[in-house]
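J.: Each chain is listed here by its residues.
2 protein chains.
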Amino acid sequence: MGRLTGGDPSLLRRINSTVVLHALRATDCATLTEITRVTGLSRPTVEGVVEGLVGTGLVVEQAAEEGAARRQGRPARRFRFRAEAGHLLGLDIGAHRVTAVLSDLDGRVLGTLSKDVTETAPAEIRLERLRSAVAELLRRAGVARSSLRAVGAASPGIVGADGTVRLGTALPQWTGLRLGERLSRSFRCPVIVENDANAAAVAEHWKGSATDCDDVVFVLAGLSPGAGSLIGGRLHRGYGGAAGEIGALHLLGREAKPEALLSTTDEPLPPLDERAVTEVFAGARRGDRRARAAVDRFVERLVHDVAALVLALDPELVVIGGWAAGLEDALEPLRRELARYCLRPPRVALSTLGEAVVATGALRLALDHVEEELFAVESTVTARR
Amino acid sequence: MGRLTGGDPSLLRRINSTVVLHALRATDCATLTEITRVTGLSRPTVEGVVEGLVGTGLVVEQAAEEGAARRQGRPARRFRFRAEAGHLLGLDIGAHRVTAVLSDLDGRVLGTLSKDVTETAPAEIRLERLRSAVAELLRRAGVARSSLRAVGAASPGIVGADGTVRLGTALPQWTGLRLGERLSRSFRCPVIVENDANAAAVAEHWKGSATDCDDVVFVLAGLSPGAGSLIGGRLHRGYGGAAGEIGALHLLGREAKPEALLSTTDEPLPPLDERAVTEVFAGARRGDRRARAAVDRFVERLVHDVAALVLALDPELVVIGGWAAGLEDALEPLRRELARYCLRPPRVALSTLGEAVVATGALRLALDHVEEELFAVESTVTARR
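The listed protein sequences derive, respectively, from chains W and Z.
Heads up: the first sequence runs through residues 1 to 385, numbered per the numbering used here.
Heads up: the second sequence runs through residues 1 to 385, numbered per the numbering used here.
Worth double-checking, as some hints may not be accurate.
[What the hints assert, rightly or not] Computed from the model, here is a short list of chain W residues facing chain Z with C-beta under 7 angstroms: (1) Arg-234; (2) Ala-308; (3) Pro-345.
[What the hints assert, rightly or not] Some chain Z residues flagged as far from chain W (calculated, every beta-carbon gap over 10 angstroms): (4) Arg-80; (5) Arg-166; (6) Ala-227; (7) Glu-245; (8) Thr-278; (9) Arg-292; (10) Leu-311; (11) Leu-353.
These aren't lab readings, by the way, just hints derived from the structure by calculation.
Beta carbons: idealized from backbone N, C-alpha and C, even for Gly.
Here chain W stands alone, though its shape is the one from the complex:
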């Protein structure tokens, strides 16, 4: 049992720092008097804490406005959180493309850069494309690599807590890859590795279709389908990081793979070829009979997978994404069928983040990491609302 009363001066200092930082981050800038009022701390405590934060570079004194300086002999000093004191990267390592997105410590996006990669590229080539995308993005934004505070990276596959890809059949040489360790060689800051659908769920909650929901399933409806879930606003990874890997489910009920379902010929589509998929959806919309039948088969499969997730988890909202085009045709059938089969059907929405969804989620995970460091004590105290 821990000691619950009495004083640990360094813990108290950390709590107070956190409280002040939190207050400053929620506003443009504030005077010491304002901080004292908002935080409930004493004036001397606030003065000490702010001085310490200025020392770390996370807080800076704003130059007094000319007008204010003239009106009063000595204007109140104003302080602000320096979002530019550090930077974050979100990385999406996909089958056809690698993407890097850069932000400041407030998560404000400063730039994005994608590079194509062939789906058959070996792991080394794929990682090299990613490194080159990152280098170009940092150079264009004029941000030093040493300014990075955290990097989030997302890829298909089951990702272990140590950043190793436990199973990843969607990308060549991916299973067993120590992705976290490999990426860490390029950065001096922490690297957080996550499954792509999990990252996408986080992104939708942050700035997509799920900003008002804490219980969300994101379905990455690609040819290597997966899902990510938030429960009570937190990512549900599962015991072994495999939660939501529903791609295997169709093996149980039926034999067809999505490549076969979506084919308009006797041959299945090339694996992971999302361009071919887009064409089938377009064909169905033009009225092509075979394309229409293919899309219907695919939607039936999607309904089955999503229903399994919904029955297991009972989310408030299901967000469908992962492809740029075509998915809107699946929305109505999905809503209709879920209402038939689910005891409490969830809302169903399309992703609003498009192709950026996975990189955006990876960026948010990096931001979460930094915020947890900065605001750890605060979260502890308010964990139970």
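We have chain W already, so just place chain Z on it with the hints.
T.: Same frame as chain W, but now just chain Z:
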């Protein structure tokens, strides 16, 4: 933003009370000196808190042992938590049976009582059987109704946060029943209502097959199948309380209901007749060909449902229960098939709590409620480990 420093005397007193109660509950009895050492509180604080707890009846001074009294002029006073200061009930409202289990404040079971009820009984009759079981149990145990501190009750169906059965097709007149409110008329203490599979998951985690796991799916493999999940040791109810209601899933992949799957004739079994099910399992074990085929069909269906849950949630452990007999025959096929389809197959175990599993879980939910009241502040402080 809340005020994080400074003193709230009543909160501090409550924290200290909680700490002392927690320490006393973890031991048989303790002296003030021992409490002071374990809690890190000052001697005068401990004295004041213990005096207050004695006043509430939750703590009592132990009579000094004869020997100890003689050896020293004035032996140290010893105090203990009075588990008998209050009582708890766990209720299982099933299709064929209602069960009540009684415990003290430590969750030690003092008695159990079941009454049969016909599956077609209207809600009023079912509740009356339950009331009569409770009255008889309290009378036999010599426990006054006024001593009850909390009641947990579990039944099939989707149970809303307000204790109303949102959907319950397994029991007549169950959908829409304000079960919590109805039960509350018989008790002056809080009544917590929960889905039966959810309660069973809690029971397995408390004292069944899942005591060493925090990520568990319990599959109630009855004719009205359902599942309950613990994620990180906490019950996952879902946004609308419908999580794990996988009974609907087979509607998607196939048309057969379990009553039809398990039939050895052209007619399905009577709905919810678990005795008929037990006979089919026994027949299969004796080598009856039609019974064997029926069990195989049922296991195939079970595998499909469980696989959907496992792919969605990725638990560490799946516990199968809900029937007294036959399920052990399903265990090996289930393990084999899950290993084929799941990327990270979980362990699979049989319930060790038998028919008591749901009532035991309901009791634990009542105990959780009381502990949350007694130890609320403690949980707040240690919520983030």
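J.: None of the hints should be skipped; say for each whether it holds.
T.: Against the structure, the hints:
no.: 1; hint: Arg-234; in the structure: violated (9 angstroms)
no.: 2; hint: Ala-308; in the structure: holds (4 angstroms)
no.: 3; hint: Pro-345; in the structure: violated (9 angstroms)
no.: 4; hint: Arg-80; in the structure: holds (17 angstroms)
no.: 5; hint: Arg-166; in the structure: violated (7 angstroms)
no.: 6; hint: Ala-227; in the structure: violated (8 angstroms)
no.: 7; hint: Glu-245; in the structure: violated (5 angstroms)
no.: 8; hint: Thr-278; in the structure: holds (27 angstroms)
no.: 9; hint: Arg-292; in the structure: holds (22 angstroms)
no.: 10; hint: Leu-311; in the structure: violated (5 angstroms)
no.: 11; hint: Leu-353; in the structure: holds (22 angstroms)
Violation of the numbered hints given earlier is confined to hints 1, 3, 5, 6, 7 and 10; the remaining hints are satisfied by the structure.
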